[in-house]
Structure formats: C-alpha cells, structure tokens
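Undergrad: Sequence:
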Amino acid sequence: MDTHQFFIDIAKTCAKQSTCMRRAWGAVIVEPLTRQIISTGYNGAPRNKDHCNEKEWCLRDELNIPAGANYEYCFGVHAEQNALLQAGRNAQGCILYLYGEECATGIPITAPQPCFLCTKMLLNAGIDEVIIKVGSSFVSLDINTLYETYSKELFKNYSK
Numbered sequence: 001m002d003t004h005q006f007f008i009d010i011a012k013t014c015a016k017q018s019t020c021m022r023r024a025w026g027a028v029i030v031e032p033l034t035r036q037i038i039s040t041g042y043n044g045a046p047r048n049k050d051h052c053n054e055k056e057w058c059l060r061d062e063l064n065i066p067a068g069a070n071y072e073y074c075f076g077v078h079a080e081q082n083a084l085l086q087a088g089r090n091a092q093g094c095i096l097y098l099y100g101e102e103c104a105t106g107i108p109i110t111a112p113q114p115c116f117l118c119t120k121m122l123l124n125a126g127i128d129e130v131i132i133k134v135g136s137s138f139v140s141l142d143i144n145t146l147y148e149t150y151s152k153e154l155f156k157n158y159s160k
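The sequence shown runs 1 to 160 under my numbering.
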C-alpha cells in the first residue's frame with residue numbers, strides 16, 4: 001500500500017470520531033523519515049464540553065453561516081489543532097495528513113485544506129507540508145505558500 005494512502009486512511013478513521021454535524025475532519029502528524037505517527041486529531045467541541053451532535057444543534061447552521069467562514073461561531077476545535085495540541089514540540093519538521101468529508105452524505109471534500117487559523121498554527125509548530133487527496137491523486141500543500149495565498153486574499157482590498 002502506498003504510504004500516502006496509508007496515512008490518509010488513518011486520517012479518515014480519525015474523522016469518524018468527529019462530533020461536528022456538518023463536516024468530519026481527521027488529521028495525522030507523521031515524522032517523515034521514520035514514518036512514525038506523532039499524533040492524531042479530529043474536529044469536535046473542547047474536552048468536557050457539550051458536542052453539537054449530542055445537542056443535535058449547530059450554531060453555524062442556525063445562523064446560516066457557509067462552510068469556510070466565521071469560525072468564531074463554531075464550538076469545535078479543528079482536527080489540525082487537536083493533532084498539534086497532542087504533538088506539542090514533536091510536530092516540528094513533520095507532515096500533516098488531512099482528510100475531510102460531508103457528514104450528511106459521507107462524500108469526501110473535494111479539495112480539503114487547512115483554514116487560515118490552522119495554517120498559522122501549523123507554521124508556528126514547524127509543519128512544512130500538508131498532504132491531501134484530491135480525486136485519486138495526492139497533493140502536497142506547502143504551508144508557506146498556503147499562508148501567502150490566504151494573506152493575499154484577506155488583504156487584497158487594503159492598500160498597505
């Protein structure tokens with residue numbers, strides 16, 4: 001089995017633990033030379049707090065907030081964030097594998113990528129690369145490039 005497929009499958013298994021009602025995400029942080037799993041994460045409410053799927057209520061749905069916007073209105077912690085919290089300093093120099101799917105259909109998200117907040121956290125943790133699966137291909141996302149793309153989009157309407 002292909003190494004990338006192996007770790008994407010583990011990220012997919014992690015996503016099954018998600019407590020979000022919209023999208024299930026799984027993340028695996030891997031040391032690239034030894035291929036050792038450093039940590040895993042999935043998206044859900046903070047520890048010892050009510051989960052949306054238990055409450056059967058999503059604030060973002062209630063407010064009609066589209067996917068990818070206004071994460072401050074979400075009770076969940078992202079899969080990447082949870083994986084980083086578990087890894088601590090051991091994440092430096094590692095690769096993050098990311099998988100996401102729609103909860104209602106189980107259909108994989110076509111081009112999954114970390115949000116801007118997670119991108120900044122991955123940069124600070126020393127993760128250089130995120131591997132995702134798009135169709136039948138694996139795509140390597142460079143964290144610095146992703147950061148620059150988000151920054152340009154965010155600040156495109158400002159002169160400075």
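In case anyone wonders, no lab produced these hints; they're calculated from the structure. Keep in mind that a hint or two might mislead.
[Stated by the list, open to error] Calculated lysine to aspartate or glutamate pairs in the EDC-like style (CA-CA distance at most 20 Å, straight line):
hint, residue 1, residue 2
1, LYS55, GLU72
2, LYS120, GLU102
3, LYS16, GLU54
Just so it is clear, the structure is predicted and the values come from calculations on it, not from any experiment.
Undergrad: Please name the hints from earlier in the document that this structure breaks, with their numbers sorted from lowest to highest.
TA: 2
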